[in-house]
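Engineer: Sequential numbering of the sequence shown, starting at 248, is according to this note's numbering.
Possibly wrong hints are sitting among the right ones.
Stated by the list, open to error - Derived DSS-like pairs (lysine-lysine); straight-line CA-CA distance at most 25 Å:
| hint | residue 1 | residue 2 |
| --- | --- | --- |
| 1 | K397 | K339 |
| 2 | K286 | K339 |
| 3 | K366 | K408 |
| 4 | K362 | K343 |
| 5 | K336 | K289 |
| 6 | K408 | K336 |
| 7 | K301 | K336 |
| 8 | K397 | K303 |
| 9 | K335 | K362 |
| 10 | K335 | K286 |
| 11 | K395 | K366 |
| 12 | K335 | K408 |
| 13 | K303 | K362 |
Hints were generated in silico from the structure; no laboratory data involved.
Being a predicted model, the structure only gives us computed values, none of them experimental.
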Amino acid sequence: MKNLILIRHSKSSWDAPVQDIDRSISQRGVRDAHLIASKTPKILPPSYIVWSSKAKRTQETAFIFSQYLSIPIETIHFSEDLYTFDSKKLEKNIKKCQNSYDSLILFGHNEAITKFVNKFGDLYIDNVPTSGVVALQFDTHDWNDLSKGKTIATLFPSQFKNE
């Protein structure tokens, strides 16, 4: 079995005129990241590796989640290749994961994430929101052989706003 937990970066701030890759998360993004990160440990497999896009907002989201998931920052693999909005490029990167790892947490971007979860999961999701988490499980031992899997959990900020 392979487990993939996709996490879309938190809400971006548009306050500063910066390049897209340098955009930070907004105050709402910080709140939503803390909210969802606090719920995420319940759906995680016992061990995993963590990858993240090098975009500033994605790194900031990963840092917040790392506090709740007890992930040492230095173990997160940050990659420019994951700064993609293209689901085919995202799929190609995921399939490069070493088979010695059964579980991967990946912090990335839309629309790549939404298209990926709809292609590989068994639950249609109109749009994975910012700070959204989708956990997928695949009946394979080889990341390169990913095919239709099972959507085992979704955690979206709107699900918890009234708590």
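Engineer: Identify every previously stated hint that the structure contradicts and give their numbers, smallest first.
Structural biologist: 2, 3, 5, 6, 8, 10, 12
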